[in-house]
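A.B. asks: Protein sequence lines correspond, in order, to chains W and D.
For the first sequence, this note's numbering assigns the number 1 to the initial residue and increments by one for each residue that follows.
For the second sequence, this note's numbering assigns the number 1 to the initial residue and increments by one for each residue that follows.
Worth double-checking, as some hints may not be accurate.
[Unchecked claim] Heads up, simulated BS3-like pairs for lysine-lysine below, C-alpha to C-alpha not over 25 Å straight-line: (1) D:245 / W:143; (2) W:245 / D:71; (3) D:149 / D:360; (4) D:193 / W:143; (5) D:173 / D:149.
It is worth saying that the hints were derived from the structure and are not from the lab.
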Amino acid sequence: MAGALPIRDTARREDAPWLTLKMREAMEAWLFISPTLAGFLIFFVGPLIAVVWYSLTEWNLLTQQATFVGLDNYSDALFRNPDFWHVIRNSVIFAIGLVPLNMALALSLALALSGRFAGVVIFRTVFFAPVVTSAVAWAIVWKFLLQGEAGFINQMLASIGIDGPNWLREPNWAMAAVIVTRVIKMVGLNMILYIAALQAIPRDYAAAARLEGASGWQIFRWIIWPLLGPTTLVIMVITTIGSFKVFDHIYQMTGGGPENGTLVLAFYIYQQGFQFFDVGYASALAMIMFVVVMMLTIFQLVLRRRDT
Amino acid sequence: MKTTMKRMTTTVLALGMMSGSLGAAELRFTIWTGNEAHLKMLNGFAESFKAKHPDVTVKYETIPPGDYTQKLTFQLAGGNAPDAGWLMEDAAPTFAAAGVLDNLAPALNKAQGYDFADFSKPALGLWTAGDKVYGVPFSTSPFVIFYNKDLFDKAGLEDPNALAAKGQWNMAKFQEVSKKLKDATGKWGFEFKDGQGYDTRIMHALMPPIRAAGGDVWANKQCGFDKPEAVAAVKQLHDMVFKDKSIVPPGEQGDYFSGGSAMTINQISRASLMPKAGFKWGIAPLPTGAGGESPVIGQAGIVVFSAGKQKELAAEFVAHMTTKDNVAAAAQFFPPARKSVLDSDAFTKSNNLIPPEQMKVVADAISKGKVLPAHEKSPQILAAMKPRVDALWRANADVEASLKAVCTAIQPLL
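All chains should be modelled from the sequences, with the hints used to inform the complete structure.
C.D. replies: In structure tokens:
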């Protein structure tokens, strides 16, 4: 007798019969994403807009006095503050040193560790472990290893007759030291991305090429490397962005020294905002960093599009 | 729906009654210690405050010292100002100039038997301006030499206190002894404060020898680093680091507290680390120089924030915390700035780690000492100094030129 039941009673009651199905669906969708959207607007877009506004003011956090100064902060940073260009130079050197080294090492490790052989998981874990190690512990250990004479690194060098420099006390060596220690810390992440990409490449390609008589190098150069293209691009973009944003590592290892030799942009922003409490100026610098990183990203994307 | 409304109404009513009817107040007080003994003492002050204000409780909020000034600034900027708190010496001028500290003079003058004149004048320098009192120093702690008696014995040398008793504890002797210690024991002769003399403690490294030589880092808005006295003092330090190799050099670690160095400079609060050190030790005055005795003092004060909502009550509590009795009770941890307490036997006997005759060194230094230099723009000055001082600490550095560069960098900020 089920067929005799009136249909209206079993179906959902219409609360708002004037809504079309499309409108209803749209409304539901907005409601579903609203918690995330609210968080995004409040904690991301809001501060972003606020930073733009702050960057146009001279605002001392402690006195709570803010005056609108237009583009003064920007023109001061770009044209009048010699430290700013020194800082940009350091950031660029850091990125130029870090990105290729990190990527080359990540790819080499991935090539070595993408296969299946006994103990491969242990090796992968060993290289990934620094990524999840506390940055503070990492810096303390390296500072210890990199001591002038008593340091482990220099004692090793001394045993083969090399007189090592006082790594963290000479500007150029300090920059090299922070780059290399940062690469060792973060390379595991890119290695995993490369391993995933390598494992997604069907083995048939390489097998077919080998049948055609291609050498190992040729297989890598003409098959694997092009197929890794999208991954390489992603890695390049995130590593470059990461290298411009580096802060904790510098803060812990050198504090921007010696002689401002490792004073990079993110650390300089921190100094202005959180040590001198000059929030307006720090905001302007943050906007400049935002633009620089965005331009670099767009440039890499365009480069990639031209390639394909 | 109805029940929900009802519930909400009762909740709102209950909350309203709680805040209104009880009239109880809570003072929020920021500190940078988490030490149980310190907290026990501080809670004791809050308890005795109840004699006059039975409804008032005090909530102490610990912020780690490394972040203290920064986090405090954010609380003030974020409209979440504590009522009162500790303040470090290097932040005092910046905070006072920014107008975020309340004038305590009315409350201190009103407090019965307070006797503000009992505070030593030099100790108040940072905290007063004319008739206004922006803070009451609660810790006036001189820098002293901590020495490892075992290493001195091993090297067959007289210890600094013995030398001081004979009037021979001067900078020349300090250099000579450091070198002998290094040569005889293989350990470093001297380590800067907490091993941070080339990084976060630049001032603590350079200041005492410069003052001993009769100079100063700056005075009356004039940079003093490039004056002859300062240059001579820093040259001597430079020689000790790079020629004698008796001071722990930059980039090297030589922990005094684990026996890696024979001497260091620090405040007596560090004595709490010594029972675990496992060697015989002592404290001695700083070596004298051409400028005679010139003890250096580090300070911290108690302040009330202008943005707080219970300023009068907070000021009254500060007065209570710094009465003669309470200062005397705190003296075991925090050397006092009150002359009456400083001169008392109770003070020299207050620290069970340091023998009374060595505590006399501390009391002496407080009454004769000068506080570390502070400035409204301290953070900027230190940041401007840092790269130039880095250049100074190279083996082949031209000390005089480096110190000139320091002055060129900081003079506009002074």
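A.B. asks: All hints are to be evaluated individually against the structure, with a verdict given for each.
C.D. replies: Now the hints, each set against the structure:
no. : hint          : in the structure
1   : D:245 / W:143 : holds, 21 Å
2   : W:245 / D:71  : holds, 22 Å
3   : D:149 / D:360 : holds, 19 Å
4   : D:193 / W:143 : holds, 18 Å
5   : D:173 / D:149 : holds, 17 Å
Hint violations for this structure: none, all hints satisfied.
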